[in-house]
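Student: Residue strings, one per chain:
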Amino acid sequence: MKIIHIVKIAGTFAENKDVARDVRLKNIMPAVKDGKEIILDFEGVTGATQSFIHALVSDVMRKYGTDCLDLIGFKNCSPIVKEIVITVTEYMQES
Amino acid sequence: MKIHLSFGDYLRNFESFLQSFDPSEPDKLEISTHDKWISVHPVVLTMIAALGHRVGPDNIKIDAITAASGHYLARMRLFEVLKKDSPYTIAEHESAGKFIPLTQIRTQEEQTKFITEMIPLLHLEPTQADAIKYMVGELVRNVLEHSLSKDGAFVAAQYYPKANMVRLGICDAGVGIWKTIHHSWPARTDIDAIKLALTPGITGTTKREGGTETNAGAGLFFIKSMAMVARDYFVVYSGTALYKLTKRDKRTKGFPRLRANPSNDRHAETNSAPNFPGTLVGIDISLDQTLELTTLLSVIRNAYTEALKERKKIKYKRPRFM
Numbered sequence: 001m002k003i004i005h006i007v008k009i010a011g012t013f014a015e016n017k018d019v020a021r022d023v024r025l026k027n028i029m030p031a032v033k034d035g036k037e038i039i040l041d042f043e044g045v046t047g048a049t050q051s052f053i054h055a056l057v058s059d060v061m062r063k064y065g066t067d068c069l070d071l072i073g074f075k076n077c078s079p080i081v082k083e084i085v086i087t088v089t090e091y092m093q094e095s
Numbered sequence: 001m002k003i004h005l006s007f008g009d010y011l012r013n014f015e016s017f018l019q020s021f022d023p024s025e026p027d028k029l030e031i032s033t034h035d036k037w038i039s040v041h042p043v044v045l046t047m048i049a050a051l052g053h054r055v056g057p058d059n060i061k062i063d064a065i066t067a068a069s070g071h072y073l074a075r076m077r078l079f080e081v082l083k084k085d086s087p088y089t090i091a092e093h094e095s096a097g098k099f100i101p102l103t104q105i106r107t108q109e110e111q112t113k114f115i116t117e118m119i120p121l122l123h124l125e126p127t128q129a130d131a132i133k134y135m136v137g138e139l140v141r142n143v144l145e146h147s148l149s150k151d152g153a154f155v156a157a158q159y160y161p162k163a164n165m166v167r168l169g170i171c172d173a174g175v176g177i178w179k180t181i182h183h184s185w186p187a188r189t190d191i192d193a194i195k196l197a198l199t200p201g202i203t204g205t206t207k208r209e210g211g212t213e214t215n216a217g218a219g220l221f222f223i224k225s226m227a228m229v230a231r232d233y234f235v236v237y238s239g240t241a242l243y244k245l246t247k248r249d250k251r252t253k254g255f256p257r258l259r260a261n262p263s264n265d266r267h268a269e270t271n272s273a274p275n276f277p278g279t280l281v282g283i284d285i286s287l288d289q290t291l292e293l294t295t296l297l298s299v300i301r302n303a304y305t306e307a308l309k310e311r312k313k314i315k316y317k318r319p320r321f322m
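The listed protein sequences derive, respectively, from chains A and B. Last residue of the first sequence: 95 in the working numbering, with the numbers rising by one and none dropped. Last residue of the second sequence: 322 in the working numbering, with the numbers rising by one and none dropped.
Calculated from the structure, these hints are not laboratory results. Treat the hints with care, since some could be wrong.
Ranges between beta-carbon positions, derived for each pair [to be verified]:
| id | chain 1 | residue 1 | chain 2 | residue 2 | range |
| --- | --- | --- | --- | --- | --- |
| 1 | A | Asn76 | B | Gly254 | 30 to 38 Å |
| 2 | A | His5 | B | Glu117 | 41 to 49 Å |
| 3 | B | Gly254 | A | Leu25 | 38 to 46 Å |
| 4 | B | His123 | A | Asn27 | 35 to 43 Å |
| 5 | B | Glu117 | A | Pro79 | 19 to 27 Å |
| 6 | B | Thr89 | A | Glu94 | 55 to 63 Å |
| 7 | A | Glu94 | B | Arg266 | 25 to 33 Å |
| 8 | A | Lys36 | B | Pro23 | 52 to 60 Å |
| 9 | A | Glu90 | B | Ser184 | 18 to 26 Å |
| 10 | A | Glu90 | B | Asn264 | 35 to 43 Å |
| 11 | A | Asn76 | B | Pro319 | 43 to 51 Å |
| 12 | B | Ala268 | A | Glu90 | 31 to 39 Å |
| 13 | A | Arg62 | B | Gln19 | 41 to 49 Å |
Since the model is a prediction, treat every value here as computed from it, not as a measurement. Ideal Cβ placement from N, Cα and C applies to all residues, glycine included.
Extracted from the complex, chain B is given alone in its bound form:
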């Protein structure tokens, strides 16, 4: 596999970044970087970490880094997580920035510890922290429950003061969404599987709508809806499929309509991306736009229950009038 890190590898341009990802030769990983500047979304680092753990440190090759911003990779603990020698020395005091370096989470206990410790690292207000804790809680638990990855989840985040935004990435190199969903739901392709996973009431653990005692099929719909309301980018990449929620029209007054069918959201999608063995979720959380979580949840609740009602109606058998 080959990955090239450049500048501007953010969710807005995620398709461009994927053009540099070559999934052939899956037993080794080669990382190259732009010669002048590296500027990447934390989700890109989580993807490298997940793939790197899959192949092991002996099979990872990192080309010489000449970009001035290359030390960012060390600050985000990329070399440490990949168990490779770092060409940079980071002084201890430098770590006190507004970011969460790459962290591997393999158990529920590690997840709880991470959620407890991450907010002080981002220096956020409690109201801003709620939404981020919520997203990390749901997304990491999804990985631990469904990905079947022995390496668990890789998480990283960074606060960008100019944009007043937190960029968050979570990735695993597990079985991918299609394998999780298709046992219970008719997903022909990876993009079908992603869309089913985003649909309210659908979980790969059962054919029953509304889920089981432990899974409601609500987590991803809630997070996509939070991104939609806040006009944030939200990306899900698994197998050969990429689903990217794009920014809704900012002239929309009040709350946007939250749709149960992700095909009806303003989005970009492809089913011919380079095959990624696992699942990646990236999200930009604008702190200017972020409403109190309580308000958001109230709106999403209404959309969710309406969606379930609608789906139930669709399933009602019609009487045969003669």
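Isolated chain A (complex conformation):
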């Protein structure tokens, strides 16, 4: 199981979509493809933009379906981050 510490790469307010894309391509996609669990640890991240979370997970959901959420764990999310993660994962299931 791989753990990605978001604060180390995106800072305390996660808004850099380029960083999110890199995490998706280099870590999340390969893990989900191999059926392995990956933890996105948001400890120390106070907030995030919807664009950041979208760039992080939307394409994984589009390619692997909603079951990929069984393999991706969102750990230590602040209330704001939690709300944005719910938003993105919800609308991805609607679109």
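Given the coordinates of chain A, work out where chain B should sit on it, guided by the hints.
Tutor: Frame of chain A; chain B shown alone:
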């Protein structure tokens, strides 16, 4: 181009300010000011900065400033950003006010640095800072991704203690919203393009509703909704179009209904404003009204997913009963 700075050039009166903007002769910029007093929204300064960078310092003419409050322009670094000699000397200690002076952001790295450093400048509480960081993060990234402006975004903000409000402006002199949107969506006019950009699930990067792996078409809808809930002014100006969210009735109990179609919001619009080559977004953020971002996001999430459901329903093909 000509711009006149007066007093009361705020979002409430933005249409009046635009009457003083003359976009003819786009290779030069002349700035004049009211003889007694200058009082402008930071977004006006971002607009001048964006246009000034487009024409270059040699083609900018600033008339002699006689207004007593003229030093405000220097404090906001207007002369510095335009690379023009300032008629004012600002002592170092004077910069410690509650404002973010004009800042040019050309890269994602500059954006991240700006977001990290801006909150201490405004002296805000963490809960108040969240919404502002969120807005700047989304709006500046829009400029960097979609505007195709080599000069990037110009940002400025000011805290107004009497109103307990932060006024924020972001502007670029890039291709404008119509050019970004019309490749994928049927925008006949600039105002059509702005309204499409404000609609949930629509982004200029794809014809597919719900967006791509990097764009959901949610950013502007979220920010407009945050302004709507907080009863704040929100202005988008691009090309010849101006869309201004006006204050909703304060007697509304609870949360206002967040509408997917920006035409249904209480707003003012025109498609015959002076042609502005780029995109400007101005927002007033009332700190008295601002709810915790978590609460706001929860309400907006429900509105957003409902809007997507509704749009999906509209697209369902109906069976033909015989």
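Student: When the hints from earlier in the document are held up against this structure, which numbers fail?
Tutor: 2 and 10
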